[in-house]
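Protein chains in written order, with the numbering used here: chain A, 1 to 366; chain B, 1 to 366.
There's no promise every hint is true.
[Claimed, not checked] Cross-link-like lysine-lysine pairs, in silico, DSSO-like; alpha carbons within 27 Å at most:
id: 1; chain 1: B; residue 1: K41; chain 2: B; residue 2: K30
id: 2; chain 1: A; residue 1: K296; chain 2: B; residue 2: K296
id: 3; chain 1: A; residue 1: K87; chain 2: B; residue 2: K205
id: 4; chain 1: A; residue 1: K205; chain 2: B; residue 2: K134
id: 5; chain 1: B; residue 1: K296; chain 2: A; residue 2: K30
id: 6; chain 1: A; residue 1: K87; chain 2: B; residue 2: K211
id: 7; chain 1: A; residue 1: K205; chain 2: B; residue 2: K292
id: 8; chain 1: B; residue 1: K87; chain 2: A; residue 2: K292
id: 9; chain 1: A; residue 1: K292; chain 2: A; residue 2: K41
id: 10; chain 1: B; residue 1: K87; chain 2: A; residue 2: K205
id: 11; chain 1: B; residue 1: K87; chain 2: A; residue 2: K211
id: 12; chain 1: B; residue 1: K292; chain 2: A; residue 2: K296
id: 13; chain 1: A; residue 1: K296; chain 2: A; residue 2: K41
id: 14; chain 1: A; residue 1: K134; chain 2: B; residue 2: K30
id: 15; chain 1: A; residue 1: K292; chain 2: B; residue 2: K296
id: 16; chain 1: B; residue 1: K30; chain 2: B; residue 2: K66
Keep in mind that the hints were calculated from the coordinates and are not lab data.
2 protein chains.
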Amino acid sequence: MADAGSPELGTTEPPRGPIVLSIDAMGGDKGPESVVAGMAKSAAINPDLRFLLHGPEAVLAPLVRKRRIGDRCEIRDAAGTVSMNDKPSHVMRNGQDTSMWSCIDAVRDGEAEVAVSCGNTGALMLLSIVRLRKLPGVGRPAIACLWPSRGPTGFNVMLDVGADVRAEPADLLQYALMGTSYARNGQGIEVPRIGLLNNGVEEHKGRAELKEAHALIEAAAAENRFEFVGFVEGSDIPSDRVDVIVTDGFTGNIALKTGEGTALLIRELLGDAFRYSTLSRLAAMLALSSLKRLQKRIDPRRVNGGVFLGLNGTVVKSHGSADATGVSSAIKLAYELARADFTNRLAARVASGGGPVPSTAERTGS
Amino acid sequence: MADAGSPELGTTEPPRGPIVLSIDAMGGDKGPESVVAGMAKSAAINPDLRFLLHGPEAVLAPLVRKRRIGDRCEIRDAAGTVSMNDKPSHVMRNGQDTSMWSCIDAVRDGEAEVAVSCGNTGALMLLSIVRLRKLPGVGRPAIACLWPSRGPTGFNVMLDVGADVRAEPADLLQYALMGTSYARNGQGIEVPRIGLLNNGVEEHKGRAELKEAHALIEAAAAENRFEFVGFVEGSDIPSDRVDVIVTDGFTGNIALKTGEGTALLIRELLGDAFRYSTLSRLAAMLALSSLKRLQKRIDPRRVNGGVFLGLNGTVVKSHGSADATGVSSAIKLAYELARADFTNRLAARVASGGGPVPSTAERTGS
């Protein structure tokens with residue numbers, strides 16, 4: 001895309017100008033060096049990418065200079081940092097000076113399109129809810145992740161993977177709608193296949209609330225142009241039976257971390273296998289490019305980034321332990337969602353489909 | 001990974017004469033051929049192994065002859081078969097003539113020490129509860145599985161992985177006691193480390209009932225000689241932070257199938273990687289023995305067998321899709337549990353530790 005003049009950072013341009021992302025430099029395990037290094041990686045690939053970078057200016061300015069992204073990046077000085085151990089409620093009351101707060105407010109104020117942070121998930125979610133507010137009709141926001149799969153795009157969407165440990169049937173229906181919008185706008189799947197995670201595919205299996213959610217989601221499929229494949233099992237998460245897996249945040253979090261833990265164990269065992277003998281070390285050298293391709297495919301850093309859905313603004317949560325590659329993956333995801341004008345499309349989807357069934361949290365006034 | 005002592009199952013007990021296992025020949029996806037082939041594999045390895053084989057004699061007799069295990073095996077004629085689609089309650093009312101019923105009754109009547117079946121899990125669990133009865137003090141029986149891990153024995157124990165979709169805090173405490181007994185008697189771990197599965201390790205995380213269970217399990221640790229490591233995450237399931245992972249049957253089932261699905265996906269991608277080019281095919285040939293070792297380590301067939309705990313008798317549930325290798329693994333597990341006199345030791349453990357806290361199901365009379 002041609003560089004249309006030199007648009008000022010932070011102006012609310014129509015979707016086709018530069019994409020401005022709001023980046024929280026602090027709060028990740030590997031510090032701001034990794035964040036700025038990841039920004040530089042992404043900036044080199046996407047010429048129309050601009051950043052608002054939040055954190056202590058004295059720390060960030062040298063890093064930005066070192067990575068030579070000064071012309072793509074504006075630093076917003078913020079002295080405070082949210083740590084992994086801070087209680088979300090404490091951050092909400094006392095965190096006005098933090099980089100995380102400043103990062104989210106840039107999206108709230110329309111200066112940036114999507115926010116990215118490696119920080120404390122609970123605090124980031126609570127601040128996002130408080131500062132961005134929930135979309136009309138949404139009871140519980142959700143975190144969606146991408147999962148390596150045999151599906152058409154190579155990734156399935158799963159939500160919720162940790163925003164809320166509980167979900168009522170009406171929340172699960174909204175997750176189905178939000179997941180539909182994500183798969184359609186973020187992944188280009190016109191009619192996504194939605195599955196509801198259960199401990200078996202038979203209709204009589206599972207907890208009572210899942211049977212209720214099954215009926216709600218099934219009834220909403222035609223109007224909202226998704227295909228409901230019914231219950232799916234843990235083994236279906238990476239399958240091509242389904243594009244979007246809907247579950248509550250407790251179960252989704254367990255599944256996500258179990259998958260990551262399993263992949264990590266196998267990667268380690270594979271490394272052991274190839275270090276076992278001279279012959280196997282030779283084999284590893286011959287197979288290097290094939291193994292690297294596999295490694296890349298199952299590397300959690302490459303699918304880094306949980307997306308907060310259901311808010312007036314999109315927030316991407318990177319792994320706390322993300323290195324430059326991980327941060328760059330999260331930025332890439334944020335960039336693609338911004339380019340697809342995802343926030344506005346999701347709002348339209350939830351408004352059209354979520355109307356008839358208010359979330360339980362709303363019904364009960366909680 | 002200290003290998004001192006004998007991490008191998010069952011080697012702690014001196015031989016006590018032949019071990020008789022009760023085998024359900026029917027109900028698996030691959031039919032009785034695979035079951036009898038698996039029995040023959042196990043019989044060849046363990047000379048003191050005997051079988052009671054349940055199913056239609058006209059079908060089974062030729063298979064037993066073909067595999068030459070007639071002198072190790074007595075056929076118990078049973079005309080009926082429980083299919084994967086049969087409702088458990090229907091089997092309970094009408095299944096007296098089935099191989100599954102006959103298989104469990106051989107344990108009930110003291111003719112065999114452990115039962116093995118590839119059939120319908122729900123029916124097998126309900127029949128086991130009805131025919132064997134729960135141990136005194138047990139509210140909800142559980143299914144325990146072994147999970148490839150970095151721990152001292154190479155496997156961690158997880159329970160419940162699907163007996164019951166709900167578990168109250170008192171049930172989770174009993175799972176901790178049953179898991180302790182399994183790790184101690186089945187795996188030779190004197191003081192097992194018990195973890196409670198949650199969506200984060202911080203004490204403020206998770207659902208309210210998990211915080212209650214945390215307190216109950218912590219209080220029971222000293223008296224029952226296990227170490228309570230507190231909350232663990234999905235990524236800890238294969239770790240060496242923990243020997244036994246306690247969770248409800250819904251979450252455990254999702255985690256188990258997610259882990260299996262992830263391992264299967266990676267195995268397929270690994271195969272693709274090695275078929276990619278002439279060079280990578282050559283590499284695969286050179287690395288064959290290393291790859292086979294890895295394959296064996298992560299092959300779900302090798303850790304086949306969920307153990308039903310909390311009953312007057314031990315039942316091993318094999319995967320429905322088990323082939324001869326899978327059936328043989330389930331038989332091996334049953335053999336080792338029988339050798340360790342597991343049923344009686346578990347009963348003693350639950351009786352000593354479960355006394356002060358009756359299960360909620362019992363308290364509420366359900």
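Each hint tested on the structure:
1. B:K41 / B:K30: 16 Å, holds
2. A:K296 / B:K296: 24 Å, holds
3. A:K87 / B:K205: 11 Å, holds
4. A:K205 / B:K134: 23 Å, holds
5. B:K296 / A:K30: Roughly 36 Å separates the two Cα atoms, so the pair is violated.
6. A:K87 / B:K211: 17 Å, holds
7. A:K205 / B:K292: Distance of about 37 Å is beyond 27 Å: violated.
8. B:K87 / A:K292: Measuring from Cα to Cα gives roughly 47 Å; hence the hint is violated.
9. A:K292 / A:K41: 20 Å, holds
10. B:K87 / A:K205: 11 Å, holds
11. B:K87 / A:K211: 17 Å, holds
12. B:K292 / A:K296: Roughly 22 Å between the alpha carbons, so the hint for K292 of chain B and K296 of chain A holds.
13. A:K296 / A:K41: 17 Å, holds
14. A:K134 / B:K30: 51 Å, violated
15. A:K292 / B:K296: 22 Å, holds
16. B:K30 / B:K66: 17 Å, holds
Hints 5, 7, 8, 14 from the earlier list are contradicted by this structure; the remaining hints agree with it.
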